[in-house]
Amino acid sequence: MKLAAILVHLNPVAIPGALLILIGLWGILARQNLFKIAVAFSILGTGVNLVILSVGYIRGRTAPILDGEAAVASMTDPVPQALVLTAIVIGLAVTALLLSYAVRLRSGGGGSSIEVHGDEKW
Amino acid sequence: MVNPLYLFAASLAAAFLLPLVDKLGRRASLALVYLVGLAWLAAAVSWLLALVQGGVAQDFGTAGFMAPLAIVLRVGLLEAAGVLAVAAVGLLSAAAMHASLRQAPAGGAMAFLMLLMGLCGVILTRDLFNLFVFLEISAIATYSLIGFDDRRPALRSAFKYMLAGGIASALYLIGVIYVYRFGDTLNLDLAIRAPGLAGAAGNAALFFLLAALLVELKPFPANGWALDVYQTAHPGLAAMLSGASATALLLALWKLLPLFGTAHLVIIAGSGLATFLAGNLAGARQRYTRRMLGYSSVAQIGLAMAVLALGTLFKLGSELFLLAVAGGFVLNHLLAKTGLFLLSAAFEQAGLTDAAGVDGVDVVDTVDDAAGASAAAQPARRLSPLALAVAGGLVLALVGLPPFPGFWAKWQLVQALADRSRWWLIGLILGGSLVEAFYMLRWLGRLVAARGAAPVPTLRLGAGLLGPAVAAVALAGLGVLSGVFGLTGALDPKAGSTLASLAGEPWLWAPWAVAAVLFLLDWLPGWLKGLLALGAVAAFAWLVQDRLDGLRQIFAIMLLGGGGLFIVAALRKPGSRGGLHPLLAMVTLSLGAVLLAETRLGFFFAWETMTLSSWLLVRRGQASRQPALSYIVFGLGGAFLLMVGLAAGGFDSAGAWPSGALASWPFLLALVGILVKAGALGLHVWLPGAYAEADDESSGLLSASLSKAAVFGLFALVLSRGIPGSLSISLGAIGGPWLWRALGWVGLATALAGALYAVWQEDIKKTLAWSSMGQIGYIILAFALMDQAGWTASLYLAFNHFLYKSMLFLAVAGVIQRVGTRNMYEMGGLIKKMPVSFLTVLMAIIALSGVPPLTGFGGKWLLYSSLIAKGWYLEAAVAFFASGVAFLYLYRLIHSIFLGQPKLNQSGVREAPLALIAPQLLLMGVLMALSVFPKLLLDPILEITSRVFPPTLGFSGDALVSPLGYWNGTLTMIVTGGVFALCLLWLVINLRNSQGVRQFNIVFAGERPLRPETTHYAWRFFEPYRQAVGGLVRSRAERFWVLVGGGVSAVGGALRRLYTGNGQTYALHVVMYVVVLYLVMGVVL
Amino acid sequence: MKELITSLANRYGVRDWKDLKAGQAACFVDSGRLRDCLRWLRDEAGYAHLSFATAIDQLERGVFTLTYALRNHERGHSLLVHSEIDRTRPVVDSIHRLWAQAWTYQREMKEWYGIDFPGSPRVDEEFVLEGWQGPPMMRRDFDSLAYSDATYAERPGRASSDPAEHMKRELYPEEQA
Amino acid sequence: MSDKHSIPGPLANEGLPLAERGLFCDAPPRQYQRANKITEAFWNWARAQSLWILGFGTGCGAIELRPLMTSRFDMYRYGIQPRPTPRQSSVFVIGGYASVKTLKRIVRSYEQMMGPKFVVALGSCTINGGMYWDSYNTIKRIDQYIPVDVYIAGCMPRPEALLAGFQELKRIIRAGRGEGQNEYARKFEWYKANQKQVIKDWNMPDYNW
Amino acid sequence: MITAILTRVGYALVSLFVITNYGLLLIGSMARISAKVQGRVGQPVWQPYLDIIKSTAKRNSISHGVMFYLGPVFRLAGGVGTYLFIPAVFGSALFRNFSDSGDLLLVMYFIFFGQLGMALGASEGGHPYSAIGVSRGLAQMTAFEVPFALSVIAVAIQYKTLDITAIVAAQQGGFLHWTVATNPVAVVAALIAFLGMSMHNPFSVVIAPQEIPIGPPTEYQSNLLGMLQTNRAIFNGAKLVLYMNLFFGGATSLPVMVIKTFLIYFINVFVGQAFPRLRVDQSIRFFLGAPTVIGVAGVIIALL
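Residue numbers (the numbering used here), protein chains in the order written: chain A, 2 to 123; chain B, 34 to 1118; chain C, 814 to 990; chain D, 524 to 732; chain E, 357 to 660.
Just so you know, these hints were derived from the structure itself, not from any lab. Note that the coordinates shown come from a computational prediction; the quantities given were computed from them, not determined experimentally. Note that CB positions come from ideal geometry on N, CA and C, so glycine has one too. Worth double-checking, as some hints may not be accurate.
Stated by the list, open to error - When the alpha-carbon atoms are kept at most 20 Å apart in a straight line, the in silico EDC-like pairs for lysine to aspartate or glutamate are as follows:
| no. | chain 1 | residue 1 | chain 2 | residue 2 |
| --- | --- | --- | --- | --- |
| 1 | B | LYS866 | B | GLU1040 |
| 2 | D | LYS719 | C | GLU967 |
| 3 | D | LYS624 | C | GLU943 |
| 4 | D | LYS723 | D | GLU634 |
| 5 | D | LYS723 | C | ASP937 |
| 6 | D | LYS624 | D | ASP666 |
| 7 | D | LYS624 | C | GLU873 |
| 8 | D | LYS715 | C | GLU943 |
| 9 | D | LYS719 | D | GLU706 |
| 10 | D | LYS723 | B | GLU1040 |
| 11 | B | LYS865 | B | GLU944 |
Said to hold, decoys possible - Computed footprint of chain E on chain D, listed as stretches where at least three residues anywhere in the stretch have a Cβ under 8 Å from a Cβ of chain E:
| no. | segment |
| --- | --- |
| 12 | 608-621 |
| 13 | 629-639 |
| 14 | 717-723 |
The task is simple: from the sequences and hints, build the whole structure.
As structure tokens, this is what we get:
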């Protein structure tokens, strides 16, 4: 009964977002393969984006497109969506760089495991 | 004002155009980069000018809208200064990276443009999400720049950086979206006023924002990636990161500060302080220059962060004050670190690896692998004087020595904290600073190649020196400005008056001015420089003479006169003797400045100047790397203690010691600070090495004059400014007698230990060094008596010590110069070759040992009379023992050097050069005059002391009368002279057919001596004595300090083990850091 | 003891074994095998201590007899190892590498008898004499009296008398008369 | 005293390597004037009453000196006492046979004493070689090498004989006949030649000041 | 003025003459007493005179250099000066000497004048034994000065002055006013220190005739030695007079002085005959041990 109420109040976009963030973090911290880490970053980024979207998401409202019919009052908040676009772009850039560096690191003879790339320390 | 949007547009346009322009050649595209950089610079300058001339901060909306509808950029004073800094550093870095940028693909230049623009954006924007965008732009640009020239280690570091940066940006995004959620705006100014952010949810949202920003600011321990980047990236880029990037981020933090509540501030302050301490501790163990600079960088940023938060938390002062202090730190760090990284870039271009090169640019691993390392590695190349000056300026600025901005900022900060009794904070900050000073000065000390040995080729740095030089000059200029106008003076002359400055004390700048001029003239021949230095000292003395009252006059003779003597002595060797004369003049004038200082800031400034210049002088010695290091570390440690004490009060009329506070611990700290310089037992470990390893004339200056500055410090500490006028040192307020009794015992222990150590030295200068320490001990003991007789004794002893220690060091300098060794057992029988030096030493040791009829006895008489009269009986007995021990080393000194068997290889030795003999003759004359007429010296001293205390000593005819006894120096001299003449006459009459014989004509148990070496009894001269009483002194102090050093080093070593080099570990650190911060915030809330 | 004698004989041709008294014996070895024999005695037979080494001038036979006194502390036994070398060619192997102190004895023998030990440290330096220029003075063909007469000034008037006769005269003058 | 200038100029010190010659004084010994008669008589009386023996036991006879210091013989009552350094001693007791090696030390120590100085030679060996008459290494009469004031015969002489000898020495001194120092200087070349004849490794200056 | 000066100089010379002869006779008689202890007859009492005349009458001498020359001069001047800075007989103008030059501290430090000069002169002799002797002497000196200083401090506490004349004046009025009666502990410390100061057995390692033939003066001879011998007499006298003044009530007339100093010196001889010699490190440890504790006790007693 109560559980159901809580479940109802949960934001259906934020929950998967949070889950994805956690999965992403786990991937970053626990996977040793450089490429898998890059993928984990993508997952993390996606999760964050979902969370952002969830803030603008309002139950029962329409997409924030001004096409003359829908009133502004019945729209979801457009700002987060705009932000997400930017975030996605940036995430893309980061992912691309990560991957390219991973490639260069591996092709340089170091292997794909992050553990072997730790000569600088202390 | 120029709309910054144009600049962003220009930057972007330039970046997009670059691939096209690149077709014209890389030179063109780089020109474009410089052009954009210059544009930013020009804009910043124009904004700054406009604002300083009374303009107000101006907001620029985008697309014709203002907030909340659009992103707003604000150009205020801080923003303008920030952009100026970023642009300037950017240009310098670009110049340093020029060669690399030319070779790498065009993307490098593009990335550089983006980095520049991103950082400026971070500074200018007032929109939280826009801030994220600019942060990411600069981050991505940095990632790609780290790897742009394909250094493999840099690639690794970049990857680690991306892991940490990625997590930080995720945090920021979450934070920003919830701030938007709860505050309904993304605009900073609106968010500050937004009520929705006040609650718990708002706090949490802000926390994410803050955490992300903090991670970008490289806090301990979530900063391993940053250190790797500093170490591996192109040094030019490292300069950009450490200087420009950190400045931009700090400004961003500053902007966001009003958003945060107490809990956030606590987090910032705590994190900053932890970073400062941990960074410095770990830095102390670094062997790679750039990693060391990285640690220092991290620590400095931490300090700036902490100051920002603390200022608000503890309400340390007005916003302007905070701005000044934090700004001072940031500016100092920005310029110094940029300069140093660029310098390391120049080293790299000159072909040095990071870890070794100029006399080992690498840093030794532990504090105490001293002698071996310095002796083993003769430098392959050495830095040109200019490069050295630049490096020195940068490091000194970083360490916070005068006259650089950091010095003033530190002073203001400590003052403010002391006013609010935040002593533990002062302790943390100064402790961390000391560690930083240790490793930075160690590094600097290594850059200075030992002189003397065969000439080594100079390292050509060429144009690479430009950037560091610009930074150094800027630092010096800003520092001097801050000094003259107060710290904020550089930013806003109108505000200058609110903060302490040296405006009223122009004389304190004399050492710097003279040193600067003389360094510029360092190409002149030595004798000319010597004369110039002498002239400078004389002029200084003449100009300031009427500012000196009685006490200061006496000290002026010792300090300035001593300086003059040793400058004359420096003429003893032909040749330019680069750097010696300016430094001698600087030390001498800084001693004068110590005397002249009227405010506490002035006193501390002069004190630090003295410490610094004498350190340079010590470092000029041949094997002085390790001794000089411990000299400066102890010197700075003492200075920091003094600073804390002065911050609490005392010294100047503005703040006499709070009543009853003489015994309270700030005063105690100041006292200990001065005792460090005096070399009191336990704090003396720097002393023998520094005195022994400096150039011979410098040692004399240190021992004879500089130690008197410490004595003066003692007097200055308890007397308020201007002895004749305000002699109202409220003696009632002097703390319990236990304090002075304890100080007396410290002095006594110093005297005894100094004498005992001196007995067992083989090195002539070490003997003298320990002897100095012992003599200062007596002076402290007499000072601690706190009555007229005691002070008279103290001043009399001080003056005498100046006399005979000068004589000894001058004579010994001549001996060492002629003989070429400092080991006494390698000398012998020099009396026939160097009769004048012998006479000097003879008179000096008679005076030093206190044997009548020479003037030294007066000191002993005064000391014992006053001790017994005061009722310090046990002290008197121990003092008697200690001065008996002095006979041992004095006899040994003169025997081993001048008497006994001459060595065969020293048959060609001549008398010391005139430059040494002349001052000796002068001093001998003074000594004789004072011996025959003790009144000459005692009258002025009595005049001073009887104004402070009720007089108990006085002259009756020629006899000095104390409550216990009397002493007639003149009659003593006459009787002694008469008796001596009588005995001599008897000898001459009765000695028949005297045959002068040679050194081997001795009775040798029926044999003949085989070699002078085996006949001269000098090695381990007092071995039985060591067997008997050696247990009294077993280097406990040394062991203690080695333990302390080892402990600090071990802590640093343990801390840096956190940085495993694994990117995932670093990422974990970041995550854990955020979690811990969150928990801490929960606790604070 | 038997085994020792046998193995010495077998290995180094040692002969003339004589038990002088309990705990002391003497034997003879050729000079060419002397050093090896001594080494074996030291390392294998337990005679680890060189008590002394000296020489005897056998003028009549034209040889120097070298004597090395070794001692086995474990068994409490001393052994005198004799060897002979030609007086006209007095050279023998040095044993200072077996016993470091042997150089002293060898220096002494060099000075007194003129026996050379090539390689022995400081063997040519003077030992007890200073500035001695005559022949090795312990050789029996060195005439001490002649040397003394030739070198040292004498007080005239010195006369010698037979001590027995002299004392008789002093104590019992009546018998003489 | 006659012919003051019999030995002119600095000594050659040829026994020393060149490098060492500067380490030793090269002045020759001189004959010293006596004071006027009364003063000299007074001084000689004092000299005779204060005989300081150089504590250098050159031979087996030195063992006979020891009982002199004991309470049985007590030489102190005659103003005689041992002194450890030649610089301060006035009497050199040659304690019996002198080997060449010892002779070198005797010469050196004798020359290092301040004048006037006296030599007491002990035992037959110092007189004519005694039982060492045929030794390859022992001199047979000491007065060939240094001047001797008093001989005490015997092998060995008893302490009583020594005391008698010292009394004799005192008489000689008081009579002004203890001029061994001047004698040595006068016949320096002769003494030196004798010394150098037996001391073959002469590695000291010709006169040890 | 001139006459006043001449009178004082004349008085000083007379005083000096007296102390010299007294010192010589003291040494001579003590040697004779020692001989009696050993069952000997011993040397004549006037033997020191003979020795000095003999040394002075030496026909030649050697010199190692200027400082070597000046060593004995320093030594003798030190002895004479020390004596002249002490008032020898209380209330006597003749034996007042130049005690108005300074107080007890001056005397204590002037003692070093001769020692230092002698050490330097001996050093120039170039003889290793000289330097060894000096090193031992100085090392021992630092140690025995401690109990001595403590007892002097006790005296200063008791009489609240360092002026020797005033100290003597305070002790007038019978045996019970002497320091030895009022503070015997301090006097014990001082007397032990005196043993070291006199370099008698068991503290004679400085001159150790067997090991380092008489130490510092090894190279000294002729009149140079004569001066050292003379100094020994004067210096001994000076120290004895000082002790007498500080601890034994001083002297109001010459005979009293003679008796008191004789008895003080006798303690020395007594101990010297009874004990063997200590090594230098042993004697240093000794002086810094029990005598120092006794000295501290003396100070405490004086404070009570």
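Verification of the hints:
no.: 1; hint: LYS866(B) x GLU1040(B); in the structure: violated, 27 Å
no.: 2; hint: LYS719(D) x GLU967(C); in the structure: holds, 16 Å
no.: 3; hint: LYS624(D) x GLU943(C); in the structure: holds, 6 Å
no.: 4; hint: LYS723(D) x GLU634(D); in the structure: holds, 19 Å
no.: 5; hint: LYS723(D) x ASP937(C); in the structure: holds, 17 Å
no.: 6; hint: LYS624(D) x ASP666(D); in the structure: holds, 16 Å
no.: 7; hint: LYS624(D) x GLU873(C); in the structure: violated, 32 Å
no.: 8; hint: LYS715(D) x GLU943(C); in the structure: holds, 18 Å
no.: 9; hint: LYS719(D) x GLU706(D); in the structure: holds, 18 Å
no.: 10; hint: LYS723(D) x GLU1040(B); in the structure: holds, 16 Å
no.: 11; hint: LYS865(B) x GLU944(B); in the structure: holds, 9 Å
no.: 12; hint: 608-621; in the structure: holds (count 4)
no.: 13; hint: 629-639; in the structure: holds (count 3)
no.: 14; hint: 717-723; in the structure: violated (count 0)
Hint compliance for this structure: hints 1, 7 and 14 are broken, all remaining hints hold.
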